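The lines below spell out each chain.
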Amino acid sequence: MSLARHVDPDEIIEKLHGMDMKDAHRHHQSTKGGTSHITPYSTRYASKQEIPKFRIPQDGAPADAVHQMLKDELDLDGIPNLNLASFVGTYMEAHGRELMIENISKNMSDADEYPAMMQMHARCVSIIANLWGAQKGEKAIGSATTGSSEAIHLGGLAMKRRWQEKRMAEGKDTLKPNIIMGANAQVALEKFARYFEVEARILPVSEKSNYRLDPDLVKENIDENTIGVFAILGSTYTGHYEPVEEISKILDAYQEKTGVDIPIHVDAASGGFVAPFTKAQAGGPKWNFELPRVKSINTSGHKFGLVYAGVGWIIWRDESMLPKHLVFELHYLGGTEESYTLNFSRPGAQIIAQYYNLIHLGFKGYQQIMENCMTNARLLSKSLEATGWYTCISDVHRKKGVHSFSGITEAVFGHDDETSADYNAGLPVVAFRFSDEFKKEFPHLKQETVSNLMRAKQYIIPNYPLPPNEEKTEILRVVVRESMSFDLLDRLISDICATTQNLIESDKSDLSILLKGEDHSVEKQHSSLGTPRHGKGQDHGGKRPMAEGVHRAVC
Amino acid sequence: MAEISSTDLFTTSVYGSKFAAEDLPKHEMPEDEMPKEVAYRMIKDDLSLDGNPMLNLASFVTTYMEKEVEDLMTESFSKNFIDYEEYPQSADIQNRCVSMIGRLFNAPVGEDDAVAVGTSTVGSSEAIMLAVLAMKKRWKNARQAAGKPCDKPNIVMSSAVQVCWEKAARYFEVEEKYVYCTPERYVIDPEETVNLVDENTIGICVILGTTYTGEYEDAKAVNDLLIKKNIDTVIHIDAASGGFVAPFVVPDLEWDFRLEKVVSINVSGHKYGLVYPGVGWVVWRAPEYLPKELVFNINYLGADQSSFTLNFSKGASQVIGQYYQLIRLGKHGYRSIMGNLTRTADYLSESLEQLGFIIMSQRGGAGLPLVAFRINPKSKKHYDEFALAHQLRQRSWVVPAYTMAPHTKDMKMLRVVVREDFSKSRCDQLLCDIKLSTGVLDLLDKDEIKKHSDFIRLHASHSGKSRHNHPHYKNERHSLQGKTGKTHAIC
Chain V
1 MSLARHVDPD
11 EIIEKLHGMD
21 MKDAHRHHQS
31 TKGGTSHITP
41 YSTRYASKQE
51 IPKFRIPQDG
61 APADAVHQML
71 KDELDLDGIP
81 NLNLASFVGT
91 YMEAHGRELM
101 IENISKNMSD
111 ADEYPAMMQM
121 HARCVSIIAN
131 LWGAQKGEKA
141 IGSATTGSSE
151 AIHLGGLAMK
161 RRWQEKRMAE
171 GKDTLKPNII
181 MGANAQVALE
191 KFARYFEVEA
201 RILPVSEKSN
211 YRLDPDLVKE
221 NIDENTIGVF
231 AILGSTYTGH
241 YEPVEEISKI
251 LDAYQEKTGV
261 DIPIHVDAAS
271 GGFVAPFTKA
281 QAGGPKWNFE
291 LPRVKSINTS
301 GHKFGLVYAG
311 VGWIIWRDES
321 MLPKHLVFEL
331 HYLGGTEESY
341 TLNFSRPGAQ
351 IIAQYYNLIH
361 LGFKGYQQIM
371 ENCMTNARLL
381 SKSLEATGWY
391 TCISDVHRKK
401 GVHSFSGITE
411 AVFGHDDETS
421 ADYNAGLPVV
431 AFRFSDEFKK
441 EFPHLKQETV
451 SNLMRAKQYI
461 IPNYPLPPNE
471 EKTEILRVVV
481 RESMSFDLLD
491 RLISDICATT
501 QNLIESDKSD
511 LSILLKGEDH
521 SVEKQHSSLG
531 TPRHGKGQDH
541 GGKRPMAEGV
551 HRAVC
Chain Z
556 MAEISSTDLF
566 TTSVYGSKFA
576 AEDLPKHEMP
586 EDEMPKEVAY
596 RMIKDDLSLD
606 GNPMLNLASF
616 VTTYMEKEVE
626 DLMTESFSKN
636 FIDYEEYPQS
646 ADIQNRCVSM
656 IGRLFNAPVG
666 EDDAVAVGTS
676 TVGSSEAIML
686 AVLAMKKRWK
696 NARQAAGKPC
706 DKPNIVMSSA
716 VQVCWEKAAR
726 YFEVEEKYVY
736 CTPERYVIDP
746 EETVNLVDEN
756 TIGICVILGT
766 TYTGEYEDAK
776 AVNDLLIKKN
786 IDTVIHIDAA
796 SGGFVAPFVV
806 PDLEWDFRLE
816 KVVSINVSGH
826 KYGLVYPGVG
836 WVVWRAPEYL
846 PKELVFNINY
856 LGADQSSFTL
866 NFSKGASQVI
876 GQYYQLIRLG
886 KHGYRSIMGN
896 LTRTADYLSE
906 SLEQLGFIIM
916 SQRGGAGLPL
926 VAFRINPKSK
936 KHYDEFALAH
946 QLRQRSWVVP
956 AYTMAPHTKD
966 MKMLRVVVRE
976 DFSKSRCDQL
986 LCDIKLSTGV
996 LDLLDKDEIK
1006 KHSDFIRLHA
1016 SHSGKSRHNH
1026 PHYKNERHSL
1036 QGKTGKTHAI
1046 C
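Read top to bottom, the protein sequences are chains V and Z.
For the first sequence, position 543 (counting from the first letter as 1) is numbered 543 according to our numbering, and the numbering increases by one without interruption.
For the second sequence, position 172 (counting from the first letter as 1) is numbered 727 according to our numbering, and the numbering increases by one without interruption.
Think of the hints as simulated: they come from the structure by calculation, not from any bench.
Just so you know, not all the hints are guaranteed correct.
What the hints assert, rightly or not - Cross-link-like lysine-lysine pairs, in silico, DSSO-like; alpha carbons within 30 angstroms at most:
1) LYS53(V) x LYS622(Z)
2) LYS176(V) x LYS249(V)
3) LYS139(V) x LYS364(V)
4) LYS472(V) x LYS847(Z)
5) LYS695(Z) x LYS324(V)
6) LYS775(Z) x LYS847(Z)
Claimed, not checked - Stretch by stretch, here's where chain V covers chain Z in the computed footprint (C-beta under 8 angstroms, at least three residues):
7) 575-581
8) 609-618
9) 624-633
10) 717-725
11) 831-845
12) 877-886
13) 923-930
Note that the coordinates shown come from a computational prediction; the quantities given were computed from them, not determined experimentally.
Heads up, the beta-carbon is just placed ideally off N, CA and C, and yes, glycines get one too.
Using the sequences and the accompanying hints, generate a full structural model.
Here it is in structure tokens:
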């Protein structure tokens, strides 16, 4: 959610409509006749008066009229399925959806009132912990969260507290904690560092490290004040998995040398529901609780967990990893509830939906879906490279072990019996850019234009620079979700090709116009600035073009 | 008995399938799929063991919304609220809500560029954490600018605060300084509060509607004292419950941005904002009270957005639901609902008083529409409030008993929250059952009551038999509850 600025309604209304609109308002208030109606479109909101935007109206309006007005307005929102930028699930089966509707009023924190729901919560934690290789003899413990952001805050906070307790026991100072993460980290990781006052050591990424955390740099940056390392399973930029096992070994060696024990938190926001199911797994090396150094893992249920937005999970490998100091016990009518979350009252429907998915799909169901996503991602990547116009930065479509583009060597369609195990492991994400030849031939064409032109066809394909150090490379990115069927993929490929063809044939001057897309919504002008521009607020008012500055990945 | 074929996945009826004869998977993901109608039915049946929210008088959280808005909310399930570029309309709607709520709280507007900022949150807990974080950062910046140490921040608040204040202080490493309640006074004493303030105080929390007795703490007095004594600190108003009540029931009460020391206010949309769980709001007086280091500018798909929240992706439904309620009801609608609730609460208070209880909450709109009451000690009853709560449980009513905030001589109380769906006729039902229950308890002797309430606690109340709590974290000793026996209030 962004911060919204409080808007002065009078000023805007005056600017927008002049005086006649105000008169209409007054007229209706005095007659009080505005609420009687036959259809929603015969109320006062249909023509005479606009929907109140900035202050609560004095009188209400009939339920059906408000429903219709808001519904109409929401039509302007995009089409979720064509949003290829987001990892967040946009499809659920009718039955799962129905369960959510029936339980929309349930409050997750009311354990006494909703014991059955709490049971399901506990079962989900258990199932997910087992999925991630919870070890015998250890008591895995975890919780649902609103999303991966909250989960990361909780995971980081537990690491910080454990480090503090250890340092205090040793009689050392606890003033300068730091945490290691790659520059490809999503913004929640950085937020954690800022909000909980931990120095963020953000390590640059490079082509050599496959645009992910570089184990060599980890070695140079750790010290006794390092509370932990965030390893990302599935970089949001290119879908590469970070080498958790390799990092773990480096930390093992460091511990042997210095005695300093540094834990790992795996941010598996996207990969937590992909890697365990795909035949490729995480590409061979271990990433989950099988590694003793991995103390906690988080994932988003609303990404490849296939639930609608609003659920994430965090699991600690053992209860000793979660300091008692952070857990509050709530008494509630004779029962007790333990609480370690940043949110309290919140919807429970998503957790029920998660349980529905887990038992309805089963291991095989998830596997089929993930394999389908991977197959489609490969198909898209290969087709794009086959045009000669594009090169993929992601490499889930390259044979295992091959990490760079080496010409088109094979057919776009793979063999019938091939699985993701034959290829590099990664998220079903396709990150691509103009090929070097294309850039040489058409230096005036901007990649951003492709994104804008696809926008006109309702697709959302973002174009943004890679993380710092590699920011000169811009990528277009498509997330292949379960709802991206073969048919849609087919259309997408032809639309990308047609668009690029169009670009090549158009005139230079025609193209420049495309680069100035502006949104003129009143609220947006006032609000998406967040804090205001004048001096004391944010230095840059958030109006810089996408291509400049650091792109922050989000979950 | 004939064996059910184990390969039979798709028999004609749900209860004829093999799944009806098996346990639901609990700890390990099943290897194979389950047909969707079976999974649906099994989970639905399982959920039928959940309680009836209508009879839960413990919670402030909304359990009723109109059909039309339910439709609107379910249509928006698949929308990710944070995706501004894809769902610009949903995002605009949040901004409109912030504007409306800022106005409702009399945020200063109009005088050159001074505008309030705010955001929607998942609930008041997140909102409070954000506010604490902002206060802490602002204090730290000021201290650093003055070249003074900034390693011992503290925050002044009432001991009747809800548990997330303790959490916020703990998680962000701020020392808690409590203003304790007394057996006669369940809210903060302004004089005492202001005296606790020192140079390391990041701010004062004042509660508009404590969760125990629903009283409004005197923000104006604290504000005036701060000005009189010329103390440089700020006030945050925790209006989780009261933010949507006070402006409609007692519009003349000065508690909001009309007081110059008040810099931020939080409110829960899912309490008296009349929306299903999952929405809260926090509003700051002006951007300068929200240090820019805390705001991340995120470039999500070309739409630059600034973000200062602990959660990111979440459903858009609740924010849309809030906007619906604001324009559907209007001030007039909210006023009539809150008026009704206040009248029902007054009626309940009167009736309980006649039954011999001592009423601890305010009446006539001077506090939240809730009734806090306890057994008159003069009546020398041989049972306590907890026994009565357990007895009512037998009649399916969830009326919680609490131990009051520390330094109130372990005073116990019962509390009934009057929510939108608690009509007068249901109120009469409750009164009948309270009368019945006290009658039963009067007849029982002490041992019997103990046995009886133990039995109900273990077998009739749900959390008594729940196994989901971890023994490792039982009986924590680090919080106010652990130290003093106060029951944690929750929001």
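Evaluation of the provided hints:
{"no.": "1", "hint": "LYS53(V) x LYS622(Z)", "in the structure": "holds (23 angstroms)"}
{"no.": "2", "hint": "LYS176(V) x LYS249(V)", "in the structure": "holds (25 angstroms)"}
{"no.": "3", "hint": "LYS139(V) x LYS364(V)", "in the structure": "holds (27 angstroms)"}
{"no.": "4", "hint": "LYS472(V) x LYS847(Z)", "in the structure": "holds (28 angstroms)"}
{"no.": "5", "hint": "LYS695(Z) x LYS324(V)", "in the structure": "holds (28 angstroms)"}
{"no.": "6", "hint": "LYS775(Z) x LYS847(Z)", "in the structure": "holds (29 angstroms)"}
{"no.": "7", "hint": "575-581", "in the structure": "holds (count 3)"}
{"no.": "8", "hint": "609-618", "in the structure": "holds (count 6)"}
{"no.": "9", "hint": "624-633", "in the structure": "holds (count 10)"}
{"no.": "10", "hint": "717-725", "in the structure": "holds (count 5)"}
{"no.": "11", "hint": "831-845", "in the structure": "holds (count 7)"}
{"no.": "12", "hint": "877-886", "in the structure": "holds (count 8)"}
{"no.": "13", "hint": "923-930", "in the structure": "violated (count 0)"}
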